[in-house]
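Engineer: As they're listed, the protein sequences go chains A and B.
Letter 138 of the first sequence, counting from 1, is numbered 138 in the working numbering, and no numbers are missing.
Letter 208 of the second sequence, counting from 1, is numbered 1208 in the working numbering, and no numbers are missing.
Just so you know, not all the hints are guaranteed correct.
[As the list claims (entries may be wrong)] To give a feel for the contact side, a few chain B residues facing chain A, derived at Cβ under 8 Å:
| # | residue |
| --- | --- |
| 1 | Ser1007 |
| 2 | Lys1011 |
| 3 | Asn1087 |
| 4 | Ala1094 |
| 5 | Asp1138 |
| 6 | Lys1140 |
| 7 | Pro1141 |
| 8 | Ile1143 |
| 9 | Cys1146 |
| 10 | Leu1180 |
| 11 | Cys1182 |
| 12 | Ser1183 |
[What the hints assert, rightly or not] Taking lysine-lysine and the DSS-like style, the derived pairs with C-alpha atoms no more than 30 Å apart in a straight line are:
| # | chain 1 | residue 1 | chain 2 | residue 2 |
| --- | --- | --- | --- | --- |
| 13 | B | Lys1110 | A | Lys88 |
| 14 | A | Lys110 | B | Lys1206 |
| 15 | B | Lys1110 | A | Lys17 |
| 16 | B | Lys1110 | A | Lys116 |
| 17 | A | Lys11 | B | Lys1206 |
[Claimed, not checked] One side of the interface only, derived from the structure: several residues of chain A facing chain B at Cβ under 8 Å:
| # | residue |
| --- | --- |
| 18 | Gln54 |
| 19 | Arg96 |
| 20 | Pro98 |
| 21 | Ser154 |
| 22 | Ser234 |
Everything labelled a hint here was simulated from the structure, so no lab data went into it.
All of these numbers come straight from a predicted model, not from anything done at the bench.
Backbone N, C-alpha and C fix where the C-beta goes; we use that ideal spot for every residue, glycine too.
2 protein chains.
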Amino acid sequence: MTQSLSSFSFKTIGVIKSPFQQKFGIPRQPGLTPEIKSSIVLEAEYSSDEIVDQLSLSSHIWILFVFSECYAKNWSPKVRPPRLGGNKKIGVFASRSPFRPNPIGMSAVKLIGTRKQRGSLIIDVLAADILDGTPVIDIKPYIPYCDKLPDASSQLAASISMLSQPIFFSSQALQVCEQLLCSGAENLRLEIEQVLRCDPRPAYQKDGQRIYGLSLYHWNIRWQIDTHRIDVLSIDPS
Amino acid sequence: MTQSLSSFSFKTIGVIKSPFQQKFGIPRQPGLTPEIKSSIVLEAEYSSDEIVDQLSLSSHIWILFVFSECYAKNWSPKVRPPRLGGNKKIGVFASRSPFRPNPIGMSAVKLIGTRKQRGSLIIDVLAADILDGTPVIDIKPYIPYCDKLPDASSQLAASISMLSQPIFFSSQALQVCEQLLCSGAENLRLEIEQVLRCDPRPAYQKDGQRIYGLSLYHWNIRWQIDTHRIDVLSIDPS
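Pulled out of the complex, with its shape left as it was, chain A reads as follows:
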């Protein structure tokens, strides 16, 4: 039997590259923005092709990462999950809050593939909910027979309700999206739609007059929302 250590040190094995430049706007769970592509750029020490050999045996992978903005910060025994309306408190271990004794996050994401770029090994994934620059500490295959629990249930967040009102883009916003699309860059229009459908607003803030800012890649996006529609007002470089 192992004598228990009181603390452990783990190395960063890679860093997330994602369009999410700030916490606001990140979907609160993975899988909700299927068009959003992110990458894990592995550190030199872990960039051998061998280390990811047969990774594609699995359609999805787990990313274990550090909520680095919460690292070495205070945590509380109770938190207010946004999905419970932001006013109900529950124990931190009953939640997925990033403010926790050890701020480790885990997300199951769809695997696109691996590639080499300037000596670095890169793992491309879809639908991650992870901030750009986040340190990754482990990658594991998603194994359905042990991770997909048929009898699991949760009253914490039984299902996700996505916003369904129509989304309108201003001509200025559309023009930016079209330019990017034609130059072979990301389909920003679709990505903005998917992020907004997740309703990034804080649960307690439902003011239809307010203009919100959101950053994706190096773009500042200004938008407004009421019960009937969502308007993307402008897209400007940040």
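Assemble the complex: chain A is given as a structure, and chain B must be docked to it using the hints.
Structural biologist: Chain B in isolation, oriented as in the chain A frame:
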């Protein structure tokens, strides 16, 4: 954006109490031994009732733990998963091997409940696959809508084949089990059956003559297996 750190230190928040006193015999995935009960004994710092408030909103929880026997040991870019017969190599990130750059394990287990014992907060779970004494670094609710991926597939281990031959107990073995049962202790007979049905033998070792030893709680169990039957020969205190 956060500047990326090259390493992180995490504290042990609790320790696993399980019947598995050695690696041999531990089911290779959680969920396979539904009768086996384990507990997370939280450290004093994390033993407030608040920290697990509403944990029972979720039927299952994730345990993040450290493969402490592999900590600060060497790892290889390629490993031989037992489920692939123990002779096929794949990349370590394509595997759930405990020998990995950061030896973190994650298991989804069924939550029984929480209780207090001599000032410690204890979380009881079923069907864990974790060695006694293992340090725990995080506990999270299993949230079906983001953890249960309907379209996930894996050729790594499509399903688990449990052994189906009949299991026979010697009278000495049965007597020990009956004494335990009547004294209100664990149902050792059922637990032994579930562990043996997972076939703890190394994949390359299928010698019908061999007598295996297995420890559960403080019992040494000697058993034998061939294609027609499994025999539990003796159960002795270790």
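Engineer: Any hints from earlier that this structure breaks? Give me their numbers in increasing order, please.
Structural biologist: 3, 10, 11, 12, 14, 15, 16, 17, 20, 22
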